[in-house]
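Taken in sequence, the protein lines are chains X and Y. Read left to right, the first sequence gives residues 1 to 115 (the numbering used here). Read left to right, the second sequence gives residues 1 to 115 (the numbering used here).
In short, the hints are calculated from the structure, not lab data. You may find that some hints are simply not true.
Stated by the list, open to error - Calculated Cβ distances over 12 Å to all of chain X for the following chain Y residues:
hint, residue
1, PRO8
2, ARG22
3, ASN52
4, ASP63
5, PHE74
6, GLU83
7, ARG85
8, LYS103
What the hints assert, rightly or not - Each computed DSSO-like pair below joins lysine-lysine, with the alpha-carbon atoms no more than 27 Å apart:
hint, chain 1, residue 1, chain 2, residue 2
9, X, LYS2, X, LYS45
10, X, LYS2, Y, LYS24
11, Y, LYS78, X, LYS45
12, Y, LYS68, X, LYS45
13, X, LYS79, Y, LYS68
14, Y, LYS78, Y, LYS103
15, X, LYS42, Y, LYS103
16, Y, LYS103, Y, LYS68
17, Y, LYS24, X, LYS79
18, Y, LYS103, X, LYS79
19, X, LYS79, Y, LYS78
20, Y, LYS68, X, LYS42
21, Y, LYS68, Y, LYS24
Unchecked claim - In silico contact screen, one side only, chain X against chain Y (beta carbon under 8 Å); selected entries:
hint, residue
22, ARG1
23, CYS40
24, PRO44
25, LEU47
The C-beta atom is built at its ideal place from N, Cα and C for all residues, glycine as well.
The residues making up each chain are set out below.
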Amino acid sequence: RKEVEQDPGPFNVPEGATVAFNCTYSNSASQSFFWYRQDCRKEPKLLMSVYSSGNEDGRFTAQLNRASQYISLLIRDSKLSDSATYLCVVNARNAGGTSYGKLTFGQGTILTVHP
Amino acid sequence: DAGVIQSPRHEVTEMGQEVTLRCKPISGHDYLFWYRQTMMRGLELLIYFNNNVPIDDSGMPEDRFSAKMPNASFSTLKIQPSEPRDSAVYFCASTLAAVRHEKLFFGSGTQLSVL
Numbered sequence: 001r002k003e004v005e006q007d008p009g010p011f012n013v014p015e016g017a018t019v020a021f022n023c024t025y026s027n028s029a030s031q032s033f034f035w036y037r038q039d040c041r042k043e044p045k046l047l048m049s050v051y052s053s054g055n056e057d058g059r060f061t062a063q064l065n066r067a068s069q070y071i072s073l074l075i076r077d078s079k080l081s082d083s084a085t086y087l088c089v090v091n092a093r094n095a096g097g098t099s100y101g102k103l104t105f106g107q108g109t110i111l112t113v114h115p
Numbered sequence: 001d002a003g004v005i006q007s008p009r010h011e012v013t014e015m016g017q018e019v020t021l022r023c024k025p026i027s028g029h030d031y032l033f034w035y036r037q038t039m040m041r042g043l044e045l046l047i048y049f050n051n052n053v054p055i056d057d058s059g060m061p062e063d064r065f066s067a068k069m070p071n072a073s074f075s076t077l078k079i080q081p082s083e084p085r086d087s088a089v090y091f092c093a094s095t096l097a098a099v100r101h102e103k104l105f106f107g108s109g110t111q112l113s114v115l
């Protein structure tokens with residue numbers, strides 16, 4: 001089983017639509033969670049961190065369910081510029097808990113927003 | 001800030017040749033990561049350094065791969081000898097341990113093609 005699993009899509013939605021992506025992770029010791037965005041032929045960039053209480057950044061809402069080991073990203077009022085690959089990212093700190101463990105990336109979910 | 005700088009942007013080589021990829025992290029960052037991205041496997045962590053010391057190289061696929069960080073401002077990833085299956089985009093990323101949510105800053109990547 002992969003450490004981080006995402007539905008690869010692709011998701012094709014019209015402008016203005018609401019779209020949701022899901023992600024599951026296997027390591028219950030995971031401590032930090034993120035969504036990264038990657039445009040075609042570009043490097044990944046941090047979109048937002050995911051907090052236990054859920055958090056919102058404009059049209060983007062991220063949710064975390066530790067019990068189910070599940071993360072989600074909701075995009076409201078989709079724009080053409082939202083077209084990209086969305087990567088679910090998980091960090092499990094090492095046993096000592098003092099240093100930053102490696103980030104594990106999901107395969108990514110491809111989103112295409114059309115006019 | 002110039003960001004993470006990688007060179008070359010593109011590398012085309014023949015099987016059996018030595019390939020060296022270079023990375024300059026953001027000044028002051030104390031963590032450096034090498035990732036490889038392919039369509040089949042997504043983003044895979046190869047190795048990461050903390051204060052120039054390799055911490056986890058479990059992702060390095062074979063002995064043909066080696067990475068060094070001789071100082072805080074420079075790292076190399078070497079493949080010798082290269083094989084066609086090494087063709088991928090190689091990303092270098094850096095971050096600062098003090099950053100609360102471990103935001104990674106990626107370079108633009110090196111597109112490697114081994115013929």
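message: For a quick check of understanding: which of the numbered hints are violated here, in increasing order?
response: The structure breaks hints 8, 10, 13, 17, 19, 22, 23 and 25; every other hint is satisfied.
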